[in-house]
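Q: Protein chains in written order, with the UniProt record's numbering: chain H, 1 to 467; chain V, 1 to 221.
It is possible that part of the hints are untrue.
To be verified - A short list of chain V residues far from chain H (calculated; beta carbon distances all over 10 Å):
(1) Arg67
(2) Val100
(3) Ser123
(4) Asn125
(5) Leu211
To be verified - Rough simulated footprint, nothing fancy, chain V against chain H, three-plus residues with beta-carbon under 8 Å:
(6) 285 to 295
(7) 338 to 348
(8) 444 to 453
Source of the hints: derived by calculation from the structure; they are not laboratory data.
This structure is a prediction, so every number in the text was calculated from the model and none was measured.
For each residue, glycine too, the CB sits at the ideal point set by N, CA and C.
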Amino acid sequence: MIRAGRSLYSRIILIIAVVFATGSVVLGMAAWFYARVAADDAYDRLLVGAALQIAESIYAQEGTISVDPPVSAFETLSLSTNDRIFYKVVDPRGAVLTGYDDLAAGRPVAGTHAPLISDGEYRGFPVRMAIVERLVSDPVAPGWAQVVVAQTREARVSLARDLTLKALLLVFAMTSLAFMAVLFAVRRALAPLTRVERELRSRDPKDLTPLDLEIPREIQMLVTTINRFMDRLSGRIALMQRFIADAAHQIRTPLAGLASQVDLLTEESRQERREQQLTRVKERTAELGRLTNQLLNHAMIIHRAEVAEFDTVDLAALARQTLISAVPLSLDRAVDISFSDPQEPVLMKGDAVSLREALSNLIHNALKHGAETRLEVRVLADGDAAVVEVVDDGPGVPVSEWQRVREPFHTQSASGSGLGLSIAGDVVRAHGGEFRFRERSDDGFAVIMRFKRHHEASVPIDGGDAS
Amino acid sequence: MRILLVEDTVDVGEAIVARFERIGHTVDWEKDGGVADEVLEVQSYDLLILDVNLPALDGFSILKRLRQRKSKTPVLILTARSQIDDRVDALDLGADDYLVKPFDYRELEARARALLRRSAGESTNQLVCGQVTIDRGSRAVAVNGIPIDLTRRELTLLEILTARPGRIFGKDELVDQLFGFDDEPSANAVEQYVARLRKKLAGSGAEIRTLRGLGYQIVCQ
Chain H
1 MIRAGRSLYS
11 RIILIIAVVF
21 ATGSVVLGMA
31 AWFYARVAAD
41 DAYDRLLVGA
51 ALQIAESIYA
61 QEGTISVDPP
71 VSAFETLSLS
81 TNDRIFYKVV
91 DPRGAVLTGY
101 DDLAAGRPVA
111 GTHAPLISDG
121 EYRGFPVRMA
131 IVERLVSDPV
141 APGWAQVVVA
151 QTREARVSLA
161 RDLTLKALLL
171 VFAMTSLAFM
181 AVLFAVRRAL
191 APLTRVEREL
201 RSRDPKDLTP
211 LDLEIPREIQ
221 MLVTTINRFM
231 DRLSGRIALM
241 QRFIADAAHQ
251 IRTPLAGLAS
261 QVDLLTEESR
271 QERREQQLTR
281 VKERTAELGR
291 LTNQLLNHAM
301 IIHRAEVAEF
311 DTVDLAALAR
321 QTLISAVPLS
331 LDRAVDISFS
341 DPQEPVLMKG
351 DAVSLREALS
361 NLIHNALKHG
371 AETRLEVRVL
381 ADGDAAVVEV
391 VDDGPGVPVS
401 EWQRVREPFH
411 TQSASGSGLG
421 LSIAGDVVRA
431 HGGEFRFRER
441 SDDGFAVIMR
451 FKRHHEASVP
461 IDGGDAS
Chain V
1 MRILLVEDTV
11 DVGEAIVARF
21 ERIGHTVDWE
31 KDGGVADEVL
41 EVQSYDLLIL
51 DVNLPALDGF
61 SILKRLRQRK
71 SKTPVLILTA
81 RSQIDDRVDA
91 LDLGADDYLV
101 KPFDYRELEA
111 RARALLRRSA
121 GESTNQLVCG
131 QVTIDRGSRA
141 VAVNGIPIDL
151 TRRELTLLEI
161 LTARPGRIFG
171 KDELVDQLFG
181 FDDEPSANAV
191 EQYVARLRKK
201 LAGSGAEIRT
211 LRGLGYQIVC
221 Q
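Chain H with its partners taken away, still in its complex shape (with noise of 0.2 Å):
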């Protein structure tokens, strides 16, 4: 079953749209900060030459000290028109020689060199504010003058504000280009898929041929994965259509020989020949019987093996069970029928149902074909592996003949429609394990089932014994 997800590309487009949307904002803040750092650089620089002009101007002059602050050092600051600029000048003793009196009041006299450049804010305007302090060597008051210059950041800002928008703007213009970039190359990098699907769609029904095109090497397993499931869907086609051929014919010769010795027996009046056509009504019915019982199982066998779940089984108990159940007593010689197990447990992931259709036709088989005086079904736990074998005492299958019994239908015997080792051989093939034989020895012959063994995790290992 389908179900419609959201479209690849757009998937794809949200994603990059996200990381776009993110890595501007990321970049816009960094370009702000920047900006703004730029901005103080510049402005600093005339702020502290406009401070140490006015410092300059400084003299003393018979214990007066003055100060006669140069034109020129307002008009450097005046550059930014809309600024206000403000300013003092302080005496080695404390007093306002000049400027406004509450600006950066209280600031203490560090007697460096060095000017001093902070933030600060003056009735009620934020200011960028510097601070140049000059050594008076005045005989009467010596010490350190001090003069202070602030200034509004209105121009500040505005050359921020500026360079972050110039900044934005090429960022805007880069995504913008890489956006539309990646929505081309996606819209191309889909194509091949959009190829597949029309390929597929324009094909004949009959045609399970492999696709033949030339991809990406990203979709190939896609494309594999489809022609492998394609040669799997015609090799179960053609095996279908020989098994319902197969099955036809099965069905049809014993029907035919039923009918035709019908037939002779109303026609026949000599009792030994009645009697002996007789047999022959029983034997085929018989066997259209087992024919009929068996293809059903191998229908249902190969249904269950498309939609069962499999569960834990324990396969020891199951086997017990099913040769059980699966001696007739109506056995005309005397077989002596044993089971062996590891005496515990021999758990695997399986479908009970089939895998005691799989081991109940092996024992039907040994009883009829095989067993002369003779049956065992043992069940191993060998390592990883479950392991199931059917032993008896008869001649066996040759070497020769392994590949071919279990193919449907493989029969020459009468009695037999052939198909019991292939529902087997197909059951264990749905439980992905290993259906084969071993050559008859002192032992006997051996039909045998392995599968993978499924180790219970949450079960407690059980060290001590009981009994």
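Given chain H, put chain V in place with the hints provided.
A: Chain V only, in chain H's frame:
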């Protein structure tokens, strides 16, 4: 013995009736499930052979109603449905055995014989296997009419096996049925009882077979 056959396929019904009448049983044959159910309410049988797909009332419903009335009549189910579903259903509902159509008539006869023997044992209090007779009332066992000595446990074991000839009993199952809470049960003890019993029954036509790894079954000749 009296058998009720409920089967709506005429060919099959005729053959079963003929077969069982030939070996000396009385067979009543009903083709309709509803009628069969009514008959079963008033008449008791030694064996009920029951088809599943029937007009009016299906085989499983008949079986269910029969067991609700606490009848112990052995029931052998015949089914043409899928082996897999019916096997579980039938045994869950209290059937004693089942066969899938088309079946071998010898197998039907063998299974019916096993069920009838048990039924006979229950009504006469006597179980028979080969030349062995077990009188459950007096708890006496005889081979060819000559009484033989069995211990209490040996007798119980023989009873369990003979009640269901051919059925395979696991060792654990026998341990459970043979030993009470006070005893120290052991699988070895079961083996010993079987060995002794076998010796005492030698040549009696009742053979206790060991199916290694599975358990024991009694086969009556």
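Q: Confirm or reject each hint.
A: Verification of the hints:
1. Arg67: The claim holds: Arg67/V sits with its nearest Cβ about 21 Å from chain H, beyond 10 Å.
2. Val100: Violated, since 7 Å does not exceed 10 Å.
3. Ser123: Fine: 22 Å to the nearest Cβ keeps Ser123/V off the interface.
4. Asn125: Asn125/V clear of chain H: closest Cβ-Cβ about 25 Å, beyond 10 Å.
5. Leu211: Since the minimum Cβ distance to chain H is about 5 Å, Leu211/V lies within 10 Å and the statement is violated.
6. 285 to 295: holds (count 6)
7. 338 to 348: Result for this restraint: holds, n = 4.
8. 444 to 453: violated (count 0)
Hint check: violations occur at hints 2, 5 and 8; the rest are consistent with the structure.
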